[in-house]
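Chemist: What follows is each chain in one-letter form.
There are 2 protein chains.
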Amino acid sequence: MQNITVAVDAMGGDFGPRVTVPAVVQALSHFPELKIILVGKQGDIFEHLSDFGYSSLSKLAEELGDRIEIVHCDQVISNSLKPSQALRKSAGSSMNTAIEWVASEKADAVVSSGNTGALMALSRRHLNLLPGIERPALVSALPTKTGNFTWMLDLGANVVSSEEALFQFSVMGSALAEQHLERQPRVALLNIGVEDIKGVERVKRCAELLSQTQSVNYIGYIEANKLFDDIADVIVCDGFTGNSCLKASEGTAQFFIEKLTSSIMSPSIKGWIGRKLFSGLLKELKLLNPDQYNGASLLGLRGIVIKSHGSADVTAVVNAIGEAVHEVKRRVPSRIRDRLEAVLLERH
Amino acid sequence: MQNITVAVDAMGGDFGPRVTVPAVVQALSHFPELKIILVGKQGDIFEHLSDFGYSSLSKLAEELGDRIEIVHCDQVISNSLKPSQALRKSAGSSMNTAIEWVASEKADAVVSSGNTGALMALSRRHLNLLPGIERPALVSALPTKTGNFTWMLDLGANVVSSEEALFQFSVMGSALAEQHLERQPRVALLNIGVEDIKGVERVKRCAELLSQTQSVNYIGYIEANKLFDDIADVIVCDGFTGNSCLKASEGTAQFFIEKLTSSIMSPSIKGWIGRKLFSGLLKELKLLNPDQYNGASLLGLRGIVIKSHGSADVTAVVNAIGEAVHEVKRRVPSRIRDRLEAVLLERH
Numbered sequence: 001m002q003n004i005t006v007a008v009d010a011m012g013g014d015f016g017p018r019v020t021v022p023a024v025v026q027a028l029s030h031f032p033e034l035k036i037i038l039v040g041k042q043g044d045i046f047e048h049l050s051d052f053g054y055s056s057l058s059k060l061a062e063e064l065g066d067r068i069e070i071v072h073c074d075q076v077i078s079n080s081l082k083p084s085q086a087l088r089k090s091a092g093s094s095m096n097t098a099i100e101w102v103a104s105e106k107a108d109a110v111v112s113s114g115n116t117g118a119l120m121a122l123s124r125r126h127l128n129l130l131p132g133i134e135r136p137a138l139v140s141a142l143p144t145k146t147g148n149f150t151w152m153l154d155l156g157a158n159v160v161s162s163e164e165a166l167f168q169f170s171v172m173g174s175a176l177a178e179q180h181l182e183r184q185p186r187v188a189l190l191n192i193g194v195e196d197i198k199g200v201e202r203v204k205r206c207a208e209l210l211s212q213t214q215s216v217n218y219i220g221y222i223e224a225n226k227l228f229d230d231i232a233d234v235i236v237c238d239g240f241t242g243n244s245c246l247k248a249s250e251g252t253a254q255f256f257i258e259k260l261t262s263s264i265m266s267p268s269i270k271g272w273i274g275r276k277l278f279s280g281l282l283k284e285l286k287l288l289n290p291d292q293y294n295g296a297s298l299l300g301l302r303g304i305v306i307k308s309h310g311s312a313d314v315t316a317v318v319n320a321i322g323e324a325v326h327e328v329k330r331r332v333p334s335r336i337r338d339r340l341e342a343v344l345l346e347r348h
Numbered sequence: 001m002q003n004i005t006v007a008v009d010a011m012g013g014d015f016g017p018r019v020t021v022p023a024v025v026q027a028l029s030h031f032p033e034l035k036i037i038l039v040g041k042q043g044d045i046f047e048h049l050s051d052f053g054y055s056s057l058s059k060l061a062e063e064l065g066d067r068i069e070i071v072h073c074d075q076v077i078s079n080s081l082k083p084s085q086a087l088r089k090s091a092g093s094s095m096n097t098a099i100e101w102v103a104s105e106k107a108d109a110v111v112s113s114g115n116t117g118a119l120m121a122l123s124r125r126h127l128n129l130l131p132g133i134e135r136p137a138l139v140s141a142l143p144t145k146t147g148n149f150t151w152m153l154d155l156g157a158n159v160v161s162s163e164e165a166l167f168q169f170s171v172m173g174s175a176l177a178e179q180h181l182e183r184q185p186r187v188a189l190l191n192i193g194v195e196d197i198k199g200v201e202r203v204k205r206c207a208e209l210l211s212q213t214q215s216v217n218y219i220g221y222i223e224a225n226k227l228f229d230d231i232a233d234v235i236v237c238d239g240f241t242g243n244s245c246l247k248a249s250e251g252t253a254q255f256f257i258e259k260l261t262s263s264i265m266s267p268s269i270k271g272w273i274g275r276k277l278f279s280g281l282l283k284e285l286k287l288l289n290p291d292q293y294n295g296a297s298l299l300g301l302r303g304i305v306i307k308s309h310g311s312a313d314v315t316a317v318v319n320a321i322g323e324a325v326h327e328v329k330r331r332v333p334s335r336i337r338d339r340l341e342a343v344l345l346e347r348h
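Residue numbers (the UniProt record's numbering), protein chains in the order written: chain A, 1 to 348; chain B, 1 to 348.
Only chain A is shown next, with the shape it has when bound in the complex (with noise of 0.2 Å):
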């Protein structure tokens, strides 16, 4: 077996350790091969770790060998530092330390939940940008009504894209998602309608790169109602919108989420029937809400970076340190660059 090691900044995100340390916890006995490099404030980390009974680095290897390592960091980026300011004042800081394992290759890769500016310019900063690419892009999978993911990109990782940055996005999301499904991917663009006249020129341009390239499957426009309709595997558009698309779906969730659970939580007989019957129903549908899904990933880089959602809990941090293993062994910054690749000598 492969071991896979993964850098996890401890102190990401809106719970910090109280949060990633249990998550690591239940990833090394979930994932055999895992081993885990914890970085951030050791006294924090090991007031979590405590819970679980490893109280100090002896007990720690006693039951888990190295199969986890705590490097201490005293510097953590807060979320409200530009990208700038956190390329100045990063030296130190948990999030810099974890992305320098990968970059020193002694880690496979890193998991944050930490400011995604921030680490988007830290991994360009010390992983450097595959060949071809001009900007690294956020991708996450999103459930389908048929039980089958989407892949979407770029969910925030830019603000504007140009046709150019779209199209290699295409590529990137299309050579991510046949890793997962093992068949060329269906490649759409977000629009506003489906016919060729609507929409920014830069989709517009966009869509004539994709029409003209043989590596990729494109299917053509496709609307932000149609996301989760399983028409498309891969659905490419900029980070505004795509941020914008995927936050409003999860508004849109919650509010139904919560109009359901008012309505069989009641404390009448109607109530107490509904939650005797629907309580499953209300659980599978707490899980199509698309933030319930962890582990964005950061493609175009010459590692293998996770974003994971600033609020996510103890199983959205195992699912985005579940994502970073199945990356790892699909080794896929080799397979989008190779795919770069190919596209390159078709296109000169």
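Simulated from the structure, these hints should not be mistaken for laboratory data.
Errors might be hidden in some of the hints.
Any copy, or any two copies together, can satisfy a pair, since identical chains are not distinguished.
To be verified - Computed cross-link-like contacts, EDC-like style, restricted to lysine to aspartate or glutamate with a CA-CA straight-line distance of at most 20 Å:
1. 198 x 313
2. 82 x 208
3. 198 x 14
4. 82 x 201
5. 259 x 284
6. 35 x 63
7. 82 x 195
With chain A held as given, fit chain B onto it using these hints.
Modeler: Relative to the frame of chain A, chain B by itself:
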């Protein structure tokens, strides 16, 4: 009682007179002050009017007097036409003729479910923009968790918008919402984060403009997962983002409703109990689907133009006509003009 005359494009939308004719008949019984100018192919209109016993003009006159007038037009503007093509081919079309009725002040408002781009281009040609407005915007009321509404614009009249256009949308949206709320509305800009550093430049610059304006109660950025949280009364964004967010919400709502329906519609005892318990809730949830709300207004013109959804059903078109009646009563275009003048005075 003030008479209100609404010109309805009978041919617009996916279903044409099959939906618009029954909607007009319903609206006439809902709104006693309403007079309808129904514009389209007379043969098609009477085919559907005959379902209500109105098989000829004389029968119509007998029952409804002068409350309905049929204006025959041979041409229909298709959904695939670009706005520029629609302008060239508009002569004799139902949409163009309906708008001309408003331009000549023989009608107070127009309602159409047809091609949005064409409706905008033709409305601009015939009705002209209010002074100080560069581009009209499409606005609609979304339901929220508290039962109140939030007005969102632009929903797709434009694909890109400058900071000045976003500022104008904020002023117009605020003036419209005030006619419903009768207090100063809270206005927010849609962004992908709430921190000052987030987002695209034109949104940041619009935030600065709004912060300097007394006439608008600007409360800051809002993210799309809060659309339904009744945090803002007016949410402003560019048309590409607004259209995509609204559609993402529609798609998510549809996904949840299908899941819940298939669960309570199963032919089991559990399904039977579920139907007894939850058919009311399901109806309520369906109404939360933003798609069910209909009647987006095209703001910024010297006349009232209501865009009904292309796939609108009878109830939805009745709602659209209802919105037209409301805006005529509240003299929305002149309220917006007054507000724009106040802002211009304040700024210069």
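Chemist: Which earlier hints turn out false for this structure, listed by number in ascending order?
Modeler: 1
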